[in-house]
Amino acid sequence: NAGVTQTPKFRVLKTGQSMTLLCAQDMNHEYMYWYRQDPGMGLRLIHYSVGEGTTAKGEVPDGYNVSRLKKQNFLLGLESAAPSQTSVYFCASSYVSPNTEAFFGQGTRLTVV
Amino acid sequence: AQSVTQPDIHITVSEGASLELRCNYSYGATPYLFWYVQSPGQGLQLLLKYFSGDTLVQGIKGFEAEFKRSQSSFNLRKPSVHWSDAAEYFCAVGLLEYGNKLVFGAGTILRVKS
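Taken in order, these protein sequences are the chains called H and C. Residue 38 in our numbering sits at position 38 of the first sequence; the count goes up by one each step and never skips. Residue 1064 in our numbering sits at position 64 of the second sequence; the count goes up by one each step and never skips.
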């Protein structure tokens, strides 16, 4: 039972480069989320999706794009990476029912130089 | 706007001592509240959750939390801390009307001294 899997685990980018982070869940969850974690700021929501083919902006969406072409996958793209996007990125997923928790991946540590 | 405040950035307790981590939230509707724990280099693990009913909820690893609506608080407690409890703890409120998304506090880093 894999749960929520993120790839890659680590990445170093140069300013201006692009990349895509992949999140895959095998729990048949409807909802999926991308958060970034920065010291002293907790986790902040970048984008989320309430179902296949849908996406919505979170608190800090600028500089990121997402896609949910398949129910089990949620992709986070950086078109032109900036040093301010150096962070740890977490994907999560959950059921529609409100009395349930979100399950988190192990994180992707991204450094932009 | 919804927000979660964890007033203590760092807390140090002796092994075997009791622990209380504070959490206050700002949210207009009935809150869904969570405590997560994160060990260094790891993802987040759910400790406990509150949705309704009994305001004292029990979680894993001997943790409990009490929901106090009048104080907009959801403090986490443990009677006797173990060295393995050293980690960062996050309080969060879930927003039902926004795809159950979570709004997190800034976190509290717990250090345990022997």
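Hint data in this document are derived by calculation from the structure and do not stem from the laboratory. Keep in mind the model is a prediction, meaning the values are calculated, not measured. Think of the CB as a built atom: it goes at the ideal place given N, C-alpha and C, for glycine as much as any other residue. Please note that a few of the clues may not be correct.
Said to hold, decoys possible - Below, a sample of chain H positions facing chain C; criterion: calculated Cβ distance under 7 Å: (1) Gly42; (2) Tyr48; (3) Gly51.
To be verified - Each pair of labels, with its calculated beta carbon distance range: (4) H/Lys9 to C/Trp1083: 18 to 28 Å; (5) C/Gly1016 to H/Ser80: 23 to 33 Å; (6) H/Thr100 to C/His1010: 45 to 55 Å; (7) C/Leu1056 to H/Met27: 40 to 50 Å; (8) C/Ser1026 to H/Asn99: 31 to 41 Å.
Point to revise | Violations among the numbered hints | key: When the structure is compared with the hints, numbers 3, 5, 6, 7 and 8 turn out to be violated.
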